[in-house]
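Q: Protein chains in written order, with our numbering: chain L, 1 to 248; chain G, 1 to 114.
Honestly, I wouldn't trust all of these hints.
[Claimed, not checked] Chain G regions said to be covered by chain L (calculated; three or more residues, Cβ under 8 angstroms):
| id | segment |
| --- | --- |
| 1 | 18 to 28 |
| 2 | 49 to 55 |
| 3 | 66 to 72 |
| 4 | 75 to 88 |
| 5 | 101 to 110 |
[Said to hold, decoys possible] Only pairs whose alpha carbons sit at most 30 angstroms apart, straight line, appear in this in silico BS3-like list of lysine-lysine:
| id | chain 1 | residue 1 | chain 2 | residue 2 |
| --- | --- | --- | --- | --- |
| 6 | L | K2 | L | K92 |
| 7 | L | K221 | L | K125 |
| 8 | L | K125 | L | K9 |
| 9 | L | K125 | L | K2 |
| 10 | G | K89 | L | K221 |
| 11 | L | K9 | G | K88 |
| 12 | G | K88 | L | K221 |
| 13 | G | K88 | L | K219 |
| 14 | L | K219 | L | K125 |
| 15 | G | K88 | L | K92 |
| 16 | G | K34 | L | K92 |
| 17 | L | K221 | G | K34 |
| 18 | G | K33 | L | K92 |
| 19 | L | K92 | L | K125 |
| 20 | G | K89 | L | K2 |
| 21 | G | K34 | L | K219 |
| 22 | G | K33 | L | K219 |
| 23 | L | K9 | G | K34 |
In case anyone wonders, no lab produced these hints; they're calculated from the structure. If you're wondering where the values come from, they're calculated on a predicted model, not measured in any experiment. Note that beta-carbon positions come from the ideal geometry of N, C-alpha and C, so glycine has one too.
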Amino acid sequence: MKSFIFAFKQVLPVFFPYLFIGIAFGVLMDEAGYSAGWSFLSGVFIYAGSMQIVLVSLLTAGASLGTIALMTFFVNARHIFYGIAFIDQFRKMGRRYPYMVLTLTDEVYSILCSITYPDEVDIRKTDFYITLILHLVWILSCVAGALFGQLLPYDLAGIEFSATAFFITVCMNQWEVMDSHLPAITGLTSALVFYFILGPSQFILPALTVSVLVLMMMKAKSNNQKKSGVPELEAGLAGQTEEISHEY
Amino acid sequence: MSINWIDTVEALAVVALVTIFTRALPFLFFGGKKELPDIVRYLGTVLPAAIMIILVVFCLRNISLIAYPFGLPELLSVAMVILVHRIKKNIFLSIIAGTGLYMVLTRTLFIIGS
Numbered sequence: 001m002k003s004f005i006f007a008f009k010q011v012l013p014v015f016f017p018y019l020f021i022g023i024a025f026g027v028l029m030d031e032a033g034y035s036a037g038w039s040f041l042s043g044v045f046i047y048a049g050s051m052q053i054v055l056v057s058l059l060t061a062g063a064s065l066g067t068i069a070l071m072t073f074f075v076n077a078r079h080i081f082y083g084i085a086f087i088d089q090f091r092k093m094g095r096r097y098p099y100m101v102l103t104l105t106d107e108v109y110s111i112l113c114s115i116t117y118p119d120e121v122d123i124r125k126t127d128f129y130i131t132l133i134l135h136l137v138w139i140l141s142c143v144a145g146a147l148f149g150q151l152l153p154y155d156l157a158g159i160e161f162s163a164t165a166f167f168i169t170v171c172m173n174q175w176e177v178m179d180s181h182l183p184a185i186t187g188l189t190s191a192l193v194f195y196f197i198l199g200p201s202q203f204i205l206p207a208l209t210v211s212v213l214v215l216m217m218m219k220a221k222s223n224n225q226k227k228s229g230v231p232e233l234e235a236g237l238a239g240q241t242e243e244i245s246h247e248y
Numbered sequence: 001m002s003i004n005w006i007d008t009v010e011a012l013a014v015v016a017l018v019t020i021f022t023r024a025l026p027f028l029f030f031g032g033k034k035e036l037p038d039i040v041r042y043l044g045t046v047l048p049a050a051i052m053i054i055l056v057v058f059c060l061r062n063i064s065l066i067a068y069p070f071g072l073p074e075l076l077s078v079a080m081v082i083l084v085h086r087i088k089k090n091i092f093l094s095i096i097a098g099t100g101l102y103m104v105l106t107r108t109l110f111i112i113g114s
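Pulled out of the complex, with its shape left as it was, chain G reads as follows (with noise of 0.2 angstroms):
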């Protein structure tokens, strides 16, 4: 298939404006030398902790509990990264493993073509 090359170069930097306009909002609003409002000083210390768990959440979005395999590979291996995670506190170890039993479980009880 031919490339148009106007075409593609539009498109990518369509995409890439759009993003750095997403990045870059909230300091375009308070990134000035200005003092910080209470308000944004107050959210970006509780913010990330919101933010991060419904990042999880976004990374699980595309799981089905209705219809097999019901989200267990996903399920269970976010169990084990809790769970090493809370015995062992290392980052490394609870990646492997949650990361292990994931890849060990989609080849072995839970098959989903590709």
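Only chain L is shown next, with the shape it has when bound in the complex (with noise of 0.2 angstroms):
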């Protein structure tokens, strides 16, 4: 119960845009002239909020699956560098991994990557429930919008800026507690260089593949220069660990 309500208090910051976006999701939907019915199998399956809304748009256009399945690889391919941090926590959480791995949204890894979990909660069963709440939570969202969304009697347009506030204070809290701050400079950099070569829409994937790449080079560089100790990137991460949850 303690792990439930700790991941309860976590799963918080991004309640409203889960809400906000799987509203917005269920409105097109609906529009669209798909019932609730598929809003419910997209929000159960699917799970993945901005390729949602890019398929309403493939549906209406009566889009290939070819077209269909190249779109959803670049839209969501950035969830591809996600599992890497999660290996080993999710391995361990024997029938529950398959669908830690499947669940893994932008706002779940976020999530999972800033906290700190306090003695007297089970770390796998708080990960399991942050998941599971936040699914619902979609799943919810994405039904309330195709079957009420057209009653809403209040403007709620601006407020899934609230996902990036949440994010943004992520990434403060990981600024601060890490003591290298290589591995943010290279991520901002890489995102501002692409995103100004390549634009909105193509600069997410080779931003990440680079700032990977550059991540091995510091990596490979520390090694060579003391052949045995860990490298000094890894050391401020021990940290990472400790702080973070008076702030909830």
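Put the complex together from the two separate chains, hints included.
A: And the structure:
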């Protein structure tokens, strides 16, 4: 129960973006003529916000399956990089392992990146609850959007910015607890460089790939400098698991 | 408009499968019983900081710096989040301040028709 309450607190920062984007998707599906059942299925089995919204336009345009597959790959390819940090953590989770892998969204990733577990909670249970709660919130939002979205009395446009705001706080917390700022600087530099070269729809994959390569080269370099020791970059990360929790 | 069930099921299935593929890929490579290679373990510790900041740029990708409103609602709100988070170190406060400012700016000073 302690794990569940703790998990519940962790998901609060992304509750509103989920609600808003899910509802926006449901409304779009409804307007395109797809009943709530389709929104439900998308929420359960796709569970990727921006891709689901792209899907509506692909459906109404009658795009071919090949186009849809390619589009999905490019919109979601950033996910390939998310799992790398959680391989050890997830594969210890027994029958929940596949579920954890398949539900690793931007928001779940950012929560799990910045979380600090107090002693009294079970880490595996907490991770699972966080994932499950958010998945359910997402499914409900998609369906609610399709059923009642049109009736919403208030204009909530702009509330999706809260996801961006949350990601910024995660960056800042990481910045504070890591001794080396090189990973963050590498990420920002490659994102900006490729953004200005390739533009908004194509920068993310090269930015992620180049960041991985640059960080690997940094490790190789620091290994050469001191053959046996732990690379400097890693040394700073030990403290990463200890802070942050007091902010919740 | 009439919905073709089979087409829709196929489209949804393709999106779901490709999404699953992107999420499962690192686990397919390294998720077995074997010990993680050093380089993957290392990347697991340094990549999140790089990825999160790329994700922030990704969230802001659709602003235009050369046309009105020059990304000002977003950039000012980002500055607000950073400022409040530096001072108060409270995630909720930072999110509320930044999102609140964004919603106000896009409704008052920088109305973008939608």
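Q: Residue count check for the segment 18 to 28 of chain G against chain L: does it reach three with CB-CB under 8 angstroms?
A: holds (count 10)
Q: Taking only the CA atoms, is the gap from L/K221 to G/K34 under or equal to 30 angstroms?
A: holds (26 angstroms)
Q: Run the distance test for G/K34 versus L/K219: straight-line Cα separation, threshold 30 angstroms.
A: Roughly 22 angstroms between the alpha carbons, so the hint for G/K34 and L/K219 holds.
Q: Against the 30 angstroms threshold, does the CA-CA distance of L/K125 and L/K2 hold or violate the hint?
A: Holds, at roughly 10 angstroms.
Q: Are the Cα atoms of G/K88 and L/K92 separated by 30 angstroms or less?
A: violated (36 angstroms)
Q: For the pair supplied as a hint, G/K34 and L/K92, is the alpha-carbon distance within the 30 angstroms limit?
A: Holds, because 12 angstroms separates the two Cα atoms, which is no more than 30 angstroms.
Q: State whether the coverage of the segment 66 to 72 of chain G by chain L holds or is violated, taking the criterion as 3 or more residues with Cβ-Cβ distances under 8 angstroms.
A: With 0 residues in contact (Cβ-Cβ under 8 angstroms with chain L), the coverage given for the segment 66 to 72 of chain G is violated.
Q: Decide if the proposed pair is consistent with the structure: L/K92 and L/K125, CA atoms, cutoff 30 angstroms inclusive.
A: Status holds; Cα separation ~11 angstroms.
Q: Is it true that the CA of G/K88 sits at most 30 angstroms from the CA of L/K219?
A: Between G/K88 and L/K219 the Cα gap is close to 35 angstroms, so the pair fails against 30 angstroms, i.e. violated.
Q: Within a Cα-Cα threshold of 30 angstroms, do L/K125 and L/K9 meet the stated pairing?
A: holds (14 angstroms)
Q: Does L/K2 lie within 30 angstroms of G/K89 when you go C-alpha to C-alpha?
A: holds (24 angstroms)
Q: Please count how many residues of the segment 49 to 55 of chain G have a CB within 8 angstroms of a CB from chain L and say whether that reaches 3.
A: Since 7 is at least three, the answer is holds.
Checked against the numbered hints listed earlier, the structure breaks hints 3, 7, 10, 12, 13, 14, 15 and 23; every other hint is satisfied.
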